[in-house]
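Novice: The lines below spell out each chain.
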Amino acid sequence: MNKMEKALAELGRMDELAMQESPVHKLNATAKLLSTVFYILTVMSFDKYDLSGIIPMLLWPVFMYQMSGINIRTCFYKLRIVLPLVMAVGIFNPLFDREPMLQIGSITISGGVISMLTLMLKGVFCLMASFLLVATTPFDSICASLRRMHVPSMLVTLLLLTYRYVGVMTEELAIMTDAYHLRAPGQKGIHVSAWGSFLGQLLLRSMDRAQELYASMLLRGYHQHFHYAYHIPFRGKDAAYLIGSCAFFVLIKWFDVSQLIGGLFV
Amino acid sequence: MIEFDKVNFAYEHGETVINDLSFRIGDGESVGLIGANGAGKSTIMKLLLGLLAPQSGRILVDELAVGKKDLEAVRKKLGFVLQNSDNQMFMPTVFEDMMFAPLNYMISREEAEKRVHGVLEKLGLQYLKYKYNHKISGGEKRMAAIATVLAMEPEAILMDEPTSALDPYNRRIVINTIKDLTQTKIITSHDLDMIMDTCSRVILLSDGQIAADGETMDILSNRELLEANHMELPLSLQKR
Ligand SMILES: Nc1ncnc2c1ncn2[C@@H]1O[C@H](COP(=O)(O)OP(=O)(O)OP(=O)(O)O)[C@@H](O)[C@H]1O
Ligand SMILES: [Mg+2]
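Which chain is which? The protein sequence lines are A and B, in order. The opening residue of the first sequence carries number 1 in the numbering used here; numbering runs sequentially from there. The opening residue of the second sequence carries number 1 in the numbering used here; numbering runs sequentially from there.
These are computed hints drawn from the structure, not numbers from a lab. Just so you know, these numbers come straight off a predicted model, no measurement behind them. Watch out, some of these pointers could steer you wrong.
Stretch-level coverage of chain A by chain B, calculated; a stretch enters the list once three of its residues show a Cβ under 8 Å from a Cβ in chain B [claimed, not checked]: (1) 15 to 24; (2) 209 to 221.
27 Å max Cα-Cα, derived DSS-like pairs, lysine-lysine [stated by the list, open to error]: (3) A:78 / B:135; (4) B:76 / B:122; (5) A:26 / B:135; (6) B:131 / A:26; (7) B:129 / B:179; (8) B:76 / B:179; (9) A:26 / B:129.
C-beta atoms are modelled at their ideal positions from N, C-alpha and C, and glycine is treated no differently.
Go ahead and model the full structure; you've got the sequences and the hints to work with.
Specialist: See the structure below:
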């Protein structure tokens, strides 16, 4: 397997992280899901020029990673092929928006640069938070919690299958690239001429397998309910965690924390 | 009881794979379903489980028609070991995979855990319990897949090539386990010695039709019949 394939394969293997033990893993799935959703909403609500306002939002994921025993580097490492895509969102802003916004010494920074940075941070923060949720909660428990919140079962099943599909596809990809390289020794990557058929085969094979997997779920009684998922009841400490997190988001959103902290030192 | 009544089936845009097929299997029978590659063995199992729908004919499981209406009830009765175990196991660990079916059928967690323990012990697989499904060998995965199906406690067990990928030791364990099962059993395999050890009746398929149906020994000792169908006498019947 080459680097790219290895990266993809690792993306498909989140289960192991989710099975570890830590205070965060032991929280109720709904509490974690809601706090993550609120976190993402809060991050998204920041103005595109509010770079200094959004930076303190980093504190929550950093703290949560610390508590969960999962290294932040694991997140960036596993997501290394997705990350550039997320970061690329605002890349053209500096070209379109040249209005000067900030003057540091003799350097003028345009609005475009600020909004690009803000957008990048938004993307990275949301990725970090979503990754944390999936890395600390078995995926079936997340689905169970979505069902409890009355998200339509069709949607939840679709989500579950997509998650499984990613796993199957990465496995199939690994098998196929190995088979390819064994018969094309010395070749780096997969030759352009084979891309079409390779991709087609990959999709067909992984769809076949995903279909069998789904059949295997149905044959063992899956009926869009998640009785089987590991469930941690919603307790006082889950409420405390949820309220605490949300209070923290509100605090950062409505008060300019970076200025407050700056003020302490002046 | 399992009954096929004049069943016809063809895959989309394909030739007929199952051709006017009729047979009955009584409760507690153990039947070996044999035939060349592509004879239609796996297809028959999928038809029985309602994963494929016949173009014509009827399939009955205990008087219930395999179709939309009673599908859940039918499937609850049948445990299926897939030909490819990679597609059978979808939960992170072996343990969770084994708990999946009992919990779906609303059995309490304690009860389900007791069942899972019993099955693991019987198969000598306790060491696999908390292993990740993607980190066990092909043969271990096959054993685990069989364990997940036994944990369902189905009324009939269908196995598609249960001993492929197993080492002789595990193959023997599977054979002994199958022999101990009192449920109805339908087993497809190219491992005719295993069929000889586990089944009292054999149905030989050829091009989606029954070429022979009878007592295991009668069919498995018939060299001409077997060779006409891409098979050989079981090793234990071959003279050195
Ligand atoms: N998904 C499919 N689409 C189209 N044709 C199929 C499909 N699956 C199987 N077939 C065809 O149906 C026929 C019967 O296949 P089946 O898988 O039932 O054979 P089998 O007896 O189980 O063979 P084996 O011993 O190799 O497992 C084969 O000719 C095969 O090419
Ligand atoms: Mg087959």
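Novice: Check whether the Cα positions of residue 131 of chain B and residue 26 of chain A lie no farther apart than 27 Å.
Specialist: Roughly 21 Å between the alpha carbons, so the hint for residue 131 of chain B and residue 26 of chain A holds.
Novice: Would you check the hint for residue 76 of chain B and residue 179 of chain B, treating anything up to 27 Å between C-alpha atoms as holding?
Specialist: 22 Å, holds
Novice: Do three or more residues from the region 209 to 221 of chain A put their C-beta atoms closer than 8 Å to C-beta atoms of chain B?
Specialist: Answer holds; 10 residues pass the 8 Å Cβ test.
Novice: Within a Cα-Cα threshold of 27 Å, do residue 129 of chain B and residue 179 of chain B meet the stated pairing?
Specialist: OK: residue 129 of chain B and residue 179 of chain B at ~24 Å, within 27 Å.
Novice: Hey, residue 26 of chain A versus residue 129 of chain B, does the alpha-carbon distance stay inside 27 Å?
Specialist: Roughly 21 Å separates the two Cα atoms, so the pair holds.
Novice: For the pair supplied as a hint, residue 78 of chain A and residue 135 of chain B, confirm whether the alpha-carbon distance does not exceed 27 Å.
Specialist: 19 Å, holds
Novice: With the threshold set at 27 Å, check whether the alpha-carbon distance from residue 76 of chain B to residue 122 of chain B stays at or below it.
Specialist: Within the cut-off at roughly 22 Å; holds.
Novice: In terms of beta carbon proximity below 8 Å, does the region 15 to 24 of chain A have 3 or more residues touching chain B?
Specialist: holds (count 4)
Novice: For the pair supplied as a hint, residue 26 of chain A and residue 135 of chain B, is the alpha-carbon distance within the 27 Å limit?
Specialist: 25 Å, holds
The structure fails none of the hints (numbered hints given earlier).
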